[in-house]
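Asker: All chains, please: the whole structure from these sequences, using the hints.
Protein sequences, first through last, are from chains A and B.
Sequential numbering of the first sequence, starting at 237, is according to our numbering.
Sequential numbering of the second sequence, starting at 237, is according to our numbering.
Bear in mind the hints are in silico, worked out from the structure with no lab data behind them.
These figures come from a predicted structure and were not determined experimentally.
One or more hints might be untrue.
One copy or two, it doesn't matter: identical chains are merged, so the pair holds either way.
[Said to hold, decoys possible] Derived lysine-lysine pairs resembling BS3-like cross-links, with alpha carbons at most 27 Å apart:
#, residue 1, residue 2
1, Lys320, Lys482
2, Lys267, Lys390
3, Lys501, Lys482
4, Lys320, Lys475
5, Lys402, Lys415
6, Lys475, Lys496
7, Lys415, Lys267
8, Lys432, Lys390
9, Lys402, Lys426
10, Lys500, Lys522
11, Lys402, Lys432
Number of protein chains: 2
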Amino acid sequence: MKFSVTILGCSSATPTSDRNASSQLINHNEKLFLVDCGEGTQVQLRRNHFRFIRIDHIFISHLHGDHFFGLVGLISTMHLLGRKNRLHIYAPPELEDVILLQLRISATTLDYPLHFHPTQAEISATIMENNYLEVITLPLNHRIPTTGFIFREKPGLRSINSKAVKEYNVPYTVFEVLKTGSDYTTPDGKVISNEKLTTTPAPSRSYVYCSDTAYYEAVIPAIEGVDVLYHETTFMADKATIAAEKFHSTTVEAATIALKAGVKKLLIGHYSARYDDLQPLCEETKTVFPESYLTLDGMVFDI
Amino acid sequence: MKFSVTILGCSSATPTSDRNASSQLINHNEKLFLVDCGEGTQVQLRRNHFRFIRIDHIFISHLHGDHFFGLVGLISTMHLLGRKNRLHIYAPPELEDVILLQLRISATTLDYPLHFHPTQAEISATIMENNYLEVITLPLNHRIPTTGFIFREKPGLRSINSKAVKEYNVPYTVFEVLKTGSDYTTPDGKVISNEKLTTTPAPSRSYVYCSDTAYYEAVIPAIEGVDVLYHETTFMADKATIAAEKFHSTTVEAATIALKAGVKKLLIGHYSARYDDLQPLCEETKTVFPESYLTLDGMVFDI
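Answerer: This is the structure we're talking about:
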């Protein structure tokens, strides 16, 4: 089952010629989820050949402009492209007013329903789920209310071992129950353990998006052992004081969170425009957490 | 004296990978004026190597998103870059609320003054002037209140003919008066005509920005004989019915306005995303008005 993240923007506050403002597209089982939507995101989606119509859920971490100024343009373009399907937006409550005001003054009446789901930055909550995936908010520590997002696969169903069910004469009517882990009792009362009749599903995978935040150990219990953690690294370690003042993180701080949480892989991003060469940020992150990777616009990472 | 226009976006409603939403930068005597500010304009300014700090006046033609969704991002970036100078915004009155609301929810307090000058779409009025240039609104015919903008040089001062003033013994204290066209009377009462003492200034130049509008002959008297007219051509001539319904213009309609107004040069733009190849739009425009030019992002035209 596909599970990947495409980086649409890796810049912090001010976009540059080759680094757009924050946005990422997550593909899970061919369902597309947009996380943050800085100015220029709709063009980045085009450049990366994503069809807008396939995005039904958009998650906004917080209301600094570099994370949402592109949303109203994307909503408008979806309308102009003939969208009819409901679009779900998970964001701090004030965003609804901003979007509706802009649509109103531009005399735009959308041809599709827009469904705002207000997030609460103080608590962790499951805000979306389908059969395979759930999305959980993660309170962060920034200047204004901010949530990260945990994308976690639901535990998979066990697979039927076709040879074994034949051997034990198990009727197909109980297959769905077997997939959930139940044992099978034969008509003459003999119990066949589930392990004999099914095989273990692939392990559930998880992706965590942490932007923007100061160094914040409170996130660790919720992200322990995740497959891929994206954590902002606005600054290098020598700018730790500025980072703290601005409620952002350094390379070393992101790496320390990754290390303490025992994640498998760390992606870094949200770089200050002061850095032309980003390689030193990656190298500095690796000194603390070797499995660290630089993200750049257009890069795709499998989870 | 420099007078040029740089195309920052030539697309209509939906931006594409290589055509940004509407925006143009006018350089007159090294003063920069931004006209419209679709999403992505700040990155286009960077790509074309303009320093944001030099822009003190921004003109917004109307409140369709492709003409203003980039403004709040530009305003925010100017703040982050340390701007202190006042920024003047000439726009329909509702825009002020939209900008202030977005700054408020993102907890941004600008370090520089923002001065909104509400425009009125029903009348033509001089909304800005300096020593050399004036900017006049031009009512257009669109679905919502919309103004074009006329950038017109003020009549230049006459130049002193240094040989002649020496010959007639004219004191330098009267030079400024001579430049305005006055004759000179010698101490013994003899009148020397101004034509003998000064030379004619370069003719005043003018640039007109017409977007968005249906075919609208009412603009003709105001733009008669201008040097360069930019007029939207969202559609080719075979789409005249759609153009009229959407209050946009075709190639032939823009060319007809240019022809009837006797302008010197026509620039076309604001192309529908349906056109991959734009050359046919230019050729069709030229069948009516030969001095027509295609605009593309990044092109610069001298006025």
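Asker: Run through the hints listed earlier and report the numbers of any the structure violates, in increasing order.
Answerer: none
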